[in-house]
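Protein chains: 4
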Amino acid sequence: MVGNTFGYLFRVTTWGESHGKAVGCVVDGCPAGLELREEDIQRELDRRRPKSAISTARREKDEVVILSGVFEGKTLGTPISMLVYNRDVNSKPYEEIKHLFRPGHADYTYQAKFGLRDWRGGGRSSGRETVARVMAGAIAKKILQRFGIRLVGFTREIAGIRCDINPEEYDLDEIFRLAESNAVRCPDEDVARRMEETILKAKAEGDSVGGIAEVIARGVPAGLGEPVFFKLDAYLAFALMSVPAVKGVEIGAGFKVAKMRGSECNDPIVLKEGKIGFATNNAGGILGGISNGEDIVVRVAIKPTPSISKPQKTVNWVKMVEDKIVVKGRHDPCIVPRAIPVLEAMVALVLVDCMMMQGLIPRFLG
Amino acid sequence: MVGNTFGYLFRVTTWGESHGKAVGCVVDGCPAGLELREEDIQRELDRRRPKSAISTARREKDEVVILSGVFEGKTLGTPISMLVYNRDVNSKPYEEIKHLFRPGHADYTYQAKFGLRDWRGGGRSSGRETVARVMAGAIAKKILQRFGIRLVGFTREIAGIRCDINPEEYDLDEIFRLAESNAVRCPDEDVARRMEETILKAKAEGDSVGGIAEVIARGVPAGLGEPVFFKLDAYLAFALMSVPAVKGVEIGAGFKVAKMRGSECNDPIVLKEGKIGFATNNAGGILGGISNGEDIVVRVAIKPTPSISKPQKTVNWVKMVEDKIVVKGRHDPCIVPRAIPVLEAMVALVLVDCMMMQGLIPRFLG
Amino acid sequence: MVGNTFGYLFRVTTWGESHGKAVGCVVDGCPAGLELREEDIQRELDRRRPKSAISTARREKDEVVILSGVFEGKTLGTPISMLVYNRDVNSKPYEEIKHLFRPGHADYTYQAKFGLRDWRGGGRSSGRETVARVMAGAIAKKILQRFGIRLVGFTREIAGIRCDINPEEYDLDEIFRLAESNAVRCPDEDVARRMEETILKAKAEGDSVGGIAEVIARGVPAGLGEPVFFKLDAYLAFALMSVPAVKGVEIGAGFKVAKMRGSECNDPIVLKEGKIGFATNNAGGILGGISNGEDIVVRVAIKPTPSISKPQKTVNWVKMVEDKIVVKGRHDPCIVPRAIPVLEAMVALVLVDCMMMQGLIPRFLG
Amino acid sequence: MVGNTFGYLFRVTTWGESHGKAVGCVVDGCPAGLELREEDIQRELDRRRPKSAISTARREKDEVVILSGVFEGKTLGTPISMLVYNRDVNSKPYEEIKHLFRPGHADYTYQAKFGLRDWRGGGRSSGRETVARVMAGAIAKKILQRFGIRLVGFTREIAGIRCDINPEEYDLDEIFRLAESNAVRCPDEDVARRMEETILKAKAEGDSVGGIAEVIARGVPAGLGEPVFFKLDAYLAFALMSVPAVKGVEIGAGFKVAKMRGSECNDPIVLKEGKIGFATNNAGGILGGISNGEDIVVRVAIKPTPSISKPQKTVNWVKMVEDKIVVKGRHDPCIVPRAIPVLEAMVALVLVDCMMMQGLIPRFLG
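Order-wise, the sequence lines are chains A, B, C and D.
Going left to right, the first sequence walks through residues 0 to 365 as numbering that gives the first Met the number 0 numbers them.
Going left to right, the second sequence walks through residues 0 to 365 as numbering that gives the first Met the number 0 numbers them.
Going left to right, the third sequence walks through residues 0 to 365 as numbering that gives the first Met the number 0 numbers them.
Going left to right, the fourth sequence walks through residues 0 to 365 as numbering that gives the first Met the number 0 numbers them.
Bound conformation, chain A alone (with noise of 0.2 Å):
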């Protein structure tokens, strides 16, 4: 029933349909003297907007207001609420759809749930809803870099095409700033264009792809992570689980440690500059659910997006009828590339709230 807080110290609860006057949030447990503006949070929102041929014709301006929780542009250590106005709204194509429950979508399912529901845009369930964890994520982000913590994440392979990039090899800033400079987020420029094309292709064929996004966070402490339920591990799955259309999530090696032996798969632990440090990372810089100091890599599948213009079979509600259905509406042929700032969104979320449970963010970022 209480579904919508996400965090157990830094806390996030979000509100509002796709198609409702608002989506928002309110985040809790945000230490006091954090400067913060709203261009800090417009700057993430913005990276979440469809810019291209890729992206839905939905053209919100998405503008940031910050209600609560900021004086002389500090955080009060009160709860900063914020929300943005859905403006550019057409429910009209979800009117006539409404009897039918839309395949891949969660119509059926928020009916079965709840008794009824907001037909327009999907409602809550809607990839709009993301807004508000961007907005949060931004605070968030705030925080880590203020700690040397630097976030990124990427397209790692979209419809089967893969990039092969070792982040190891790279600084993060300069996989955000080649990711950045396409639309499909992805670091390998050619590799990028090879995506973009077969987006476009799905796209013109009435239909939709899927991929794989990766996030690093480098200069994490050793220590994070609460076991053994509260595992940082298991809370980054929960996280990243929680955004619309994963399907699937691993840390490090993931699922290829099913095909490894031990002899391999154990990183070698070795000194580092007078540290205790790894020399391979299959483990994702998680050991025991608890950070290693070596770099977090999570990475996740995301399916094609649901709404296809293909005709597809479903079922008329009312008249308890099979019937077919085309989507029309304005959805994105891959959701891949703007899903990364959510995806990092609720890395940093994570990162944050485990930074607090082990003590390292003091209540007043003097």
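One or more hints might be untrue.
You can't tell identical chains apart in this list, so a pair holds if it fits in one copy or across any two.
[Stated by the list, open to error] BS3-like, lysine-lysine: derived pairs with alpha carbons at most 27 Å apart:
| # | residue 1 | residue 2 |
| --- | --- | --- |
| 1 | 274 | 318 |
| 2 | 60 | 20 |
| 3 | 141 | 50 |
| 4 | 309 | 327 |
| 5 | 202 | 50 |
| 6 | 312 | 60 |
| 7 | 271 | 60 |
| 8 | 271 | 50 |
| 9 | 309 | 200 |
| 10 | 312 | 20 |
| 11 | 258 | 274 |
| 12 | 141 | 97 |
| 13 | 141 | 91 |
Calculated from the structure, these hints are not laboratory results.
All values reported here derive from a predicted model rather than from experimental measurement.
Here the structure of chain A is known, so what remains is to put chains B, C and D in place on it, guided by the hints.
Below, chains B, C and D alone, put in the same frame as chain A:
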């Protein structure tokens, strides 16, 4: 700081170190009136115990004691406290290596987090902690049974050897019978034999192997899972990733969705005997984070047991010099088969909790 | 760090500073299908607004805006975000004293806790925060009404002048009507007049007075409250003591039990129309932390408004010297009457939450 | 459903029925590195045990066993599981009255809530449950001690006989010494004698008496408590009202504020040795829900023990007829003195939790 409690309405708090006096748990929120005897718990504990050549030589009887919450054979609605004493404990091999961090283990991260650690058998980070999960899960399973929900786990893959059965074609009791009939818990007898051989070969070489386990839940009503953060898939990912050695979690088609098109990935909605259903199950029974009435299908990647007798590079943290380690102790060369009851337990806990949140389980099961 | 959320299954998160842009809340866990319009909220907000000579001169219209969670006049089961803009704000008098901690206020403690504070109108510690509680409480009351539970608060005592009505002898609607008919919310007209005179006298002297408020809930089913920590009385005490200016909470006979004997304090158990009932109600409707079906009776002690125009000793914390302060601003000389709707809201929130925990409220109120 | 856990970062889960095998608790969130031995727990348990003519004849040794979380005399940061076996159990007197609800007890409400109950000695609703609170509180006290915080409880009033000492004039160790020197835990020897006589008189008449207990915490830093719902006073009220038999809680001047004027109630702010302080302490050390550095002062009203041997009216719920009951068993004629260590434990738990939330306690107490 509070990582040892799992669940929102059906809550389990576990405690205990591998070589401490005992391991146990407290289950709070169990409905009153449920018939419960120690045999119900013992049956599941016995499934978790090592039994064959592919398991550790540590031979615990793991006899459960129920200390509270049950009166005249029925639950009272008050906390159920249970424990198992640790009897077959030999801390000697650990004493010898207590200054060396074992690769692939949580030795270093526990030290980094807590500033000290119980080095005997991995302490709290040991797989022995899962005894408590299995005890709690046994209660959850009993509840699910009353509501006609069946749950089974099995080994899908070990060291690259894959079992290709399609659970949809089977009665789950049949899968259970097949899986439980061999040491690796694989429902395909021939594949099971090959898996077993591979494990023994790795063991002989002082090494270990990983694999993939799958859990299916059938009969789950539509409507479970709390959007937007406490989604059923997010909650399952959280639960399963918290199990030691798990490095990846996927739902339904999982990572395969990355290569699919929308027209292929979306499960057509159809009428089955007059009710809403789905023609395929790429969704793994979950849409928008809410169960859709189809089988819940989850898969996890389990890393090879980190305890291997091959020499490995590590660091002596007292002297702060690099060193080599040979892990003796008593270990499973492949943990997948013994993880199955634990994974089932976690899925059961999640389902019971979600059913409670959805208001489907009364306070008194009279 | 996370003090701004109330409730376990019916959860309210409030936000907003007294002189910030707005105050508001997010209600998560409200069942779907409840008819809800802004008028339902506005009615309660209007009860909280200052109206008479005994109230502050700050005249906010307090117009509620519902931003999410309601569709076609019914709740969706998704978060309900509501806000009220702050319009009649005058921060000038606060600027003049921003270096002086006001006695009886949270100025010093906020500074000590957060390292900085919004000094305008008390910021987050202002009574204005209770606007959000009243909004959320209005929804809780609507739910209680559907289940035949009636709730009323009134002034029991002000400045030593006590109203001796026995609510058991009245229909609660009658108490409501009587209490709402005068400025002090006391159901005894004569007593009310004397209370009002006393308040105005204190006001004229630049001073303020305290009092006792009582809330009664009738029709509450037996069985609410979760032992052993989340008892109904413990939960009520938590809720009520969190209301600004409350310094004491008692249930039923309350502090009088200290002078009673067991034979006098124990309520005899009797049959009432064939059902279990109690001959007296010293228990205030709660035994062992669980409701027993009788009236829930709670009383709170409310301190005199700390903002008084008499000069008081304080400290200038910038110069760190002792000083005198005269608090101008616009204040109620007695806060008891305006606290009544807030206290009712808190009791309503507790009862709805406990009913949900007991499984008495379905997810869909169709 | 989940009422048996207390605390947010320092969490205690208690379990056990009065006549079950044992009572115990799990403490999660205790910092690592704290020296802890069973003697530390036993000392507090011994204070709770009945000792004199004014106490129950049930004579439990209450020997604590620590089962986990401690290694080589220090806490590990993992859950600390502790228990005490129930040995001196005699369920016979309860069997005779198991069809009669005892007035003033939770018999009826447990039945109403759970549909069945353990009628032996009150089951979970028994005061015996507080053994677990005292065990957990002993750890909290050890932590507070390290931070220079001293905590003491004493009897303020029994059956109208009041002790008028002003704790501000005493060293808390002195109050402790005085209170522990007599059976009623009243620091004034003469008053103590009269209280004792009154209790024995009531006992002789087959009756019982109530009273008021007070707890003082000194050395508490300013800044504890999380506005707006998780205020320090709200949290204390929650904690204390959850203790069996408590019917009222007040902070500082408490219910007296109802008769005060603002100019009298506001504590003047002054400089004490160059630091912010308060000239009086009507606030009981808490302003706006946050500690202000002065003594925390709480008082609770405790009802007379409901178990009395005088015949009382009740109902036989099996036959559903009115009946009379004489409660035999073994009971304290006044529970106030034995409640003191329990109340102290609750205050200690709250303070430690708030200190953790404020970031004042490191994860490793090295």
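Consistency of the hints with the structure:
no.	hint	in the structure
1	274 to 318	between (68 Å within a copy, 12 Å between copies)
2	60 to 20	both (14 Å within a copy, 21 Å between copies)
3	141 to 50	within (24 Å within a copy, 44 Å between copies)
4	309 to 327	within (9 Å within a copy, 60 Å between copies)
5	202 to 50	within (16 Å within a copy, 54 Å between copies)
6	312 to 60	neither (35 Å within a copy, 52 Å between copies)
7	271 to 60	neither (47 Å within a copy, 44 Å between copies)
8	271 to 50	neither (43 Å within a copy, 42 Å between copies)
9	309 to 200	within (14 Å within a copy, 51 Å between copies)
10	312 to 20	neither (32 Å within a copy, 49 Å between copies)
11	258 to 274	neither (31 Å within a copy, 41 Å between copies)
12	141 to 97	neither (41 Å within a copy, 29 Å between copies)
13	141 to 91	neither (39 Å within a copy, 33 Å between copies)
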